[in-house]
Amino acid sequence: MWTVVSCLMPSLVVSVFIFGIQTLLITAVSVISCMAVEMVSQKLLGRPVTVRDGSAALTGVLLAFIIPPGVSYLLPVLGAVMAIYIAKHLLGGIGYNIFNPALMGRAFLLATFPVAMTTSWLQPLDGMAVFSHIGTGADTVSAATPLAVMKAQGMAGFIQAFGSGSSLYGSFFLGWRPGCIGETSGLLLVSGGLFLLYKRYITWHIPVSILATIAVLTWIFGGKTLFTGDPLLAVLSGGAILGAIYMATDYVTSPTNKTSQLLYGMGIGALTVLIRLKGGYPEGICYAILLMNPISTVLDGWFKPKRFAPPAGGGQ
Amino acid sequence: MNSLLTFPKGGVHPPESKDLTATLVIERMPVPDELEIILGQHIGAPCAPTVKKRESVIEGARIGEVAKGLGVPLHAPVAGLIKDIGMSAHPLRVKVPSITIATDHTAVSVSFDPHPWQRLSAEELLAKVHDAGIIGIGGAGFPSHVKLKPPADAAVDTLLLNGAECEPYITADHRQMLEHPQEIIEGAKIILKILGITTCRIGIENNKPDAIAAMDKAAREASSQGCSISVETLRIKYPQGSEKQLIQALTGRKVPSMSLPSAVGVVVHNVATARAIYEAVALNKPFCEKVVTISGGGIARPANLLVKIGTRVSDIVRHLGGIKSEVVKVVMGGPMMGFAVSSLDVPVTKTTSSVLFLTEREIDNRPHSQCIRCGWCLDACPMGLEPKEIGVYVEADRAEDTAQFGVFDCFECGSCAYICPAKRPLVQFVRLAKMRAKR
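Residue numbers (our numbering), protein chains in the order written: chain A, 13 to 328; chain B, 3 to 441.
Honestly, I wouldn't trust all of these hints.
Here are the computed lysine-lysine pairs in the DSS-like style, where the Cα-Cα straight-line distance is at most 30 Å [to be verified]:
no.	chain 1	residue 1	chain 2	residue 2
1	B	Lys20	A	Lys318
2	A	Lys316	B	Lys256
3	B	Lys11	A	Lys318
4	B	Lys425	A	Lys55
5	B	Lys256	A	Lys318
6	B	Lys326	A	Lys270
7	A	Lys270	A	Lys318
8	A	Lys316	B	Lys436
9	A	Lys211	B	Lys20
10	A	Lys270	B	Lys256
11	B	Lys425	A	Lys318
12	B	Lys440	A	Lys318
13	B	Lys149	A	Lys211
14	B	Lys149	A	Lys270
15	A	Lys270	B	Lys11
16	A	Lys270	B	Lys20
17	B	Lys54	A	Lys316
18	B	Lys436	A	Lys318
19	A	Lys211	B	Lys436
20	A	Lys316	B	Lys440
21	A	Lys316	B	Lys20
Which chain A residues stay away from chain B? Per the calculated CB distances, all over 12 Å, these [claimed, not checked]:
no.	residue
22	Met51
23	Gly107
24	Gly175
25	Thr309
Cβ-Cβ distance ranges computed for the label pairs, FRET-style [to be verified]:
no.	chain 1	residue 1	chain 2	residue 2	range
26	A	Trp216	B	Ser316	50 to 58 Å
27	A	Leu57	B	Ala142	43 to 51 Å
28	A	Leu206	B	Gly254	31 to 39 Å
29	A	Ile232	B	Gln430	26 to 34 Å
30	A	Gly58	B	Arg30	54 to 62 Å
31	A	Leu244	B	Asp212	51 to 59 Å
32	B	Arg438	A	Phe207	37 to 45 Å
33	A	Val61	B	Glu362	18 to 26 Å
34	A	Trp216	B	Glu181	41 to 49 Å
Derived by calculation from the structure, the hints in this document are not laboratory data. All figures in this text were calculated on a predicted structure; none of them were measured in a lab. Note that CB positions come from ideal geometry on N, CA and C, so glycine has one too.
Take these sequences, add in the hints, and give me the full structure.
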């Protein structure tokens, strides 16, 4: 788990240069809260305390990564209680929780603090002014996320706000755009993901099937007419990469069989595009993963590993 | 490297740790003052003693016989006095019936000289294998004469000799292949004659190039004499030496669940068993001693020892200069499939391939935690089973419902437990499940 945490650290460092030093503070508050809540809930429930295994810390980092950079420090604390105490320990316990804890934390915050969670975006900084947001009201420099602009103002407004062509993809890939703390830098998130692949902590099945499904479905249905959507933009925005590589691959809440994993990924991708294009929210992957989480064990029940050799003359 | 033979699905790569003993010549251990010979040495029926207390026996005399069922006779490894017919400590079954012999050090040791065996019929050869008390030395301990008489409807065309020795630490087969290749090949020829076939293929893992060369030379010299014996190099991957995996690697055939290798026309024996068969047939020597690897960071002097069956581990320890204070676990058998013992009074049996004295650095003693459904065990299992589900079901007290996950196809190689990040004792869960599950 600590390896996954370290894979996310480059994205955290870059977020400081994009949005300012408070991203580091929010992440620290989130990690400390998650670890504290883990310790307290395990003590309360009379279970062995496993806070050192790094999974609570990972939840803390992921939770911070999917909230806007301009929120109050109270939010990650409340999110941690929801994520660790309720979603992880009450809804199953270690190894048996149904839903991804960090995403449950975000869903809870989105429902309880809808304004803060959808407006506390920050415009990327110019230069190295990482302390510029400290002490100022965050709303004075607020911005809107790319998908929200797209949803509200259409493609024309989007191009006006973010530009177009290769400079647009470039800045999105590097992370210089408004968004949640850790979701913006596709480059660093993918690099970390490649490291996890190399170390065999994850396999390609879930991330690739999610991102491919999002790209293909957005290409078909995302434009004014069929087959005119922008698949690259769809993958680079709205936390798709963060969700696909680091959240949907959570062992406990995802399927174990490779076929199930591909179907699970496709389901997440399809639900993400459905929510983005037809639903009320501009971003969709959070709810898409939460909706597919409980289906993973069902999928594993359908697809079993291939046995070495069945008994002679059939049977079993 | 891709041309090396292997099985396709699953497997793990534990540290080999064979350097400790791979270069050490097999050394005969002096006979200790006492031997404890367990009456149930192998799968099948235990022996009933055919000697009485305070009776004296000569070396090689029969001291136990199987009354009924699957089994082989038991012999006195040394000349001496039957000191006791009682109970012994056993790594698995705690206490088991045994015969204790007090060694007569003054007795002249019997010498075994080669006799020509080529004139003997297949039945006579088979009887010699049975009478010498030979069982599968590789570890499972299946009586060898039974394997040599496959069902009449099985069209056996190939003999496979297993020289993979994929368990970490163990080098007993390695040294025997290196030091006695002709005897193993001669054993293979005897087995071929018993089975009435002419093809033998020997699989050896790539980490024993000297053994491969020695065996290949011996096999080439023998192959001109009406049979074809070849040595094949196997990729290093655990459990390459598992019977079904070895058959698949060497022949591409898959033995169906609940079937014997003869169902796909194959008979498999360990290389050390082939050597024991040579000694039984050509030297008329009963199976009373075997090469055992004594290794691990906790033994003063690691060795490949030729010991008498019934030698206590404590006597071996004394012979090798004692154990170091860092020892935290003593394992009989390999680290993957062996058993930890709680006492050094346990004797070596016919299936003991090694005794390991492991230190803190060599084992993982961390407590296990809940399954996090990472699925690594699914990828590691060479049989395509679901170890994680078996573990969860056993913990939930539903062991009887685990047949659906293939618990009866599990041969307990331990790949799942080795790879498990939560350190779950999956093999122990499987053993429990096998006891309770409904077929």
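Structure-based check of all given hints:
For the proposed pair Lys20/B and Lys318/A, the alpha carbon gap of about 33 Å is over 30 Å, so the pair is violated. Of the supplied pair hints, the one linking Lys316/A and Lys256/B holds, its CA atoms being roughly 19 Å apart against a limit of 30 Å. Under the criterion of a C-alpha separation no larger than 30 Å, the hint pairing Lys11/B with Lys318/A is consistent with the structure, at around 10 Å. Our distance criterion of 30 Å between C-alpha atoms is met by Lys425/B and Lys55/A, whose separation comes to about 23 Å.
Distance restraint check for Lys256/B and Lys318/A: the Cα-Cα separation of roughly 13 Å lies within the 30 Å cut-off, and the hinted pair is therefore satisfied. A C-alpha spacing of about 47 Å is found between Lys326/B and Lys270/A, which places the hinted pair above 30 Å, so the restraint is violated. For the given pair, Lys270/A sits about 11 Å from Lys318/A by alpha-carbon distance, which is consistent with the 30 Å threshold. Restraint check: the Cα-Cα separation between Lys316/A and Lys436/B comes to about 20 Å, which is no more than 30 Å; the hinted pair holds.
A distance of roughly 26 Å separates the Cα atoms of Lys211/A and Lys20/B; the hinted pair therefore holds under the 30 Å criterion. About 23 Å separates the Cα atoms of Lys270/A and Lys256/B, which keeps this hinted pair within 30 Å; it holds. Restraint check: the Cα-Cα separation between Lys425/B and Lys318/A comes to about 24 Å, which is no more than 30 Å; the hinted pair holds. Distance hint between Lys440/B and Lys318/A is fulfilled; the C-alpha atoms sit about 21 Å from each other, no more than 30 Å.
Only pairs whose Cα atoms come within 30 Å are accepted, and Lys149/B paired with Lys211/A is rejected, the gap being roughly 43 Å. Restraint check: the Cα-Cα separation between Lys149/B and Lys270/A comes to about 39 Å, which exceeds 30 Å; the hinted pair is violated. Proximity of Lys270/A to Lys11/B is assessed by CA-CA distance (about 14 Å); at most 30 Å being required, the pair is judged to hold. Restraint check for Lys270/A and Lys20/B: not satisfied, since their Cα atoms lie roughly 35 Å apart, outside the 30 Å limit.
Distance hint between Lys54/B and Lys316/A is unfulfilled; the C-alpha atoms sit about 57 Å from each other, more than 30 Å. Simply put, Lys436/B and Lys318/A have alpha-carbon atoms about 21 Å apart, close enough for the 30 Å limit, and the pair holds. Our distance criterion of 30 Å between C-alpha atoms is broken by Lys211/A and Lys436/B, whose separation comes to about 34 Å. Distance hint between Lys316/A and Lys440/B is fulfilled; the C-alpha atoms sit about 20 Å from each other, no more than 30 Å.
Simply put, Lys316/A and Lys20/B have alpha-carbon atoms about 36 Å apart, too far for the 30 Å limit, and the pair is violated. Distance check for Met51/A against chain B: the nearest CB is about 16 Å away, which clears 12 Å, and the non-interface claim stands. Not every CB of chain B is more than 12 Å from the CB of Gly107/A (nearest about 4 Å), against its label as outside the interface. Consistency note on Gly175/A: stated as away from chain B, and its beta-carbon is indeed over 12 Å from all of that chain's, at 42 Å minimum.
With a closest Cβ-Cβ approach of about 8 Å to chain B, Thr309/A is found to fall inside the 12 Å limit, against its non-interface label. Taken as a hint, the range 50 to 58 Å holds for the pair Trp216/A and Ser316/B, whose Cβ atoms sit roughly 53 Å apart. For the pair Leu57/A and Ala142/B, the beta carbons lie near 45 Å from each other, so the given range of 43 to 51 Å is met. Judged by the Cβ atoms, the range 31 to 39 Å given for Leu206/A and Gly254/B holds: they are separated by roughly 35 Å.
Distance hint check: the CB atoms of Ile232/A and Gln430/B are about 52 Å apart, inconsistent with the given range 26 to 34 Å. In this structure, Gly58/A and Arg30/B meet the distance hint of 54 to 62 Å, their C-beta atoms being roughly 58 Å apart. Here the CB-CB span from Leu244/A to Asp212/B is close to 57 Å, well matched to the stated 51 to 59 Å. At about 43 Å, the CB distance of Arg438/B to Phe207/A agrees with the hint of 37 to 45 Å.
Range check, Val61/A to Glu362/B: Cβ separation about 24 Å, and the 18 to 26 Å hint holds. Checked against the hint of 41 to 49 Å, the pair Trp216/A and Glu181/B passes, with Cβ atoms roughly 48 Å apart.
Violated hints for the displayed structure, listed by number in ascending order: 1, 6, 13, 14, 16, 17, 19, 21, 23, 25, 29.
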